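Peer 1: Build out the structure end to end from the sequences listed, making use of the hints.
Chains A and B are the protein sequences, given in the same order.
Under my numbering, think of the first position of the first sequence as 1, with each following residue one higher.
Under my numbering, think of the first position of the second sequence as 1, with each following residue one higher.
By construction, these hints were calculated from the structure, which means they are not laboratory data.
For clarity, every value in this text was computed on a predicted model and none was experimentally measured.
Using N, Cα and C, we set each Cβ at its ideal position, and we do this for glycine too.
One or more hints might be untrue.
[Stated by the list, open to error] Pairwise CB distance ranges, derived in the manner of DEER restraints:
(1) 79/B - 355/A: 36 to 46 Å
(2) 50/B - 155/A: 29 to 39 Å
(3) 110/B - 387/A: 47 to 57 Å
(4) 53/B - 2/A: 34 to 44 Å
(5) 14/B - 2/A: 33 to 43 Å
[What the hints assert, rightly or not] Anything over 10 Å on all C-beta distances counts as not near chain B; from chain A, calculated:
(6) 1
(7) 5
(8) 23
(9) 27
(10) 38
(11) 102
(12) 115
(13) 157
(14) 178
(15) 225
(16) 227
(17) 265
(18) 266
(19) 312
(20) 315
(21) 387
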Amino acid sequence: MTIRGIAHIAGIFEHPGRELPNLTLAQIHAEVAEGALKDAGLTFGDVDAYYSAGDAPGFGALSMADYLGLDCINIDDTETGGSSYLVHVQHAAQAIAAGHIHVALITLAGNPRTGGASPGGSANVSGAPEQSFESLFGLAVPAGYALAAKRHMYEFGTTSEQLAEIKVAASNHAQHNPEAFLRDVVTIEEVLESPLISDPLHRLDCCVITDGGGALVVVSTEVARSLNRETVKVLGSGTAIKHSDAGRIDLTYTGAVKTGKAAFEEASLDPKDVDYVSIYDSFTITVLISLEDLGFCPKGHGGRFVSEGALCAKTGRLPFNTDGGGLCNNHPGNRGGMTKVIEAVRQLRGEAHPKVQVENCGVALAHGTGGSLALRMGSATLLLGREEV
Amino acid sequence: MTFLPVWEFPINQESKQFWDAAAQNVLLLPRCSDCGFTIFYPRSICPECRSRNLSWIQMSGKGEVYSYTVTRRTSGRFRSHVPFVIAYVQLDEGPRMLTNVVDCDPNNVSIGMRVEVMFESQDEGKAIPRFKPSQ
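Peer 2: The following block contains the structure:
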């Protein structure tokens, strides 16, 4: 069974807030759900499938379905950290392809900025079999990604300047996004002069911590044709895990090695067919390794690939994260996958900011990485296209 | 003496022998008696062949740094202990284990550097395996 062309993203919504101290998590979920359904021209009564991840309070999707009064025949709480929402799109597409559902609602909400959560960490490891062997050594989230960056530098000669290029491109895009948390354009030098958090990652190699959320509505072809809103087609998808492999971890690659291959095969496309990419940017190194693993350049060439503004809209060879990404715009709930899909849909609809809109954007790739590059991760890739593609 | 923070951490029936040995300054890991795979972190099933026929084997405690990072800013218990080194150390017996490299200037740590285990004793007879540069 393929999902190519069978499912369509009809509604998107990114919460405009970045600090939401006066909203409960359930309220944020409700606001983004309402926003995405309104964008699609649908109502809560049309929803027959509801998906959420570990950020949903209480009993996850069950609690939220109760709160929202949803009458669903299909729910899914798949939790792979920040990539969860791309996995949900695949699962929605599969359920649509099987004929089970017509309208799937996917929501994300979080408040780590004002809610007092520690930076980065949202997984509950209590009782996990690995707990004592990982928590004793002071491994905060940035340090895990720093371990991967350090090894990448050692094996392939990747430099801090090359990593900084990724932040610089994101900041160039964020200046045009009035809702972006950080709107100042930064230079390579400013990235390198920002304080080291965990060698070799500087503060400006790290994503922002924001409250907020987002939602998607995925529909069947039958429903898509009934709507007055421009929809985009799901062309291909891939999901995979990568873990510590009982002591054989290789820090130089991610689950994207599998997810990119699967998504491109399902879509019958190659990296050269992609006009725009949304790449989860928890840290600059996440983007660099993901681009290699997805096949945009050979393993080890990521540093050269991103250099000289290659990721900048209008001028670069592969425009990325034109909303400013997690590095500058928004990283709601420490989970960046949702906003990756949202900006990819904006690009395909021609609704990105004019200063960063890709001309004739026909095919977009969205990629998420959840968990940690240094421990275990859930990766997910979506290839999306305009309806005529 | 490294003075990195520790706290009450869970020990269960799958990891008890590891921590009991650590308290005696011995690094023990399970090895599969069927396929020969040495396993980190310790568990009661071989993730390579799913055998339960495992034996606890004493490691040499020697290895090299596979990757490392010097954490210079962090939150929580380690906040006041920066800078400190977190590393993956590849043991000579094969597995890569997460740990700290201590008893040296963090700026002198490098990938490929030879290290050996040391045990930092805690209350209640517990000890934490960290690594220091080999003599």
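Peer 1: Any hints this thing doesn't respect? Which numbers, in order?
Peer 2: none
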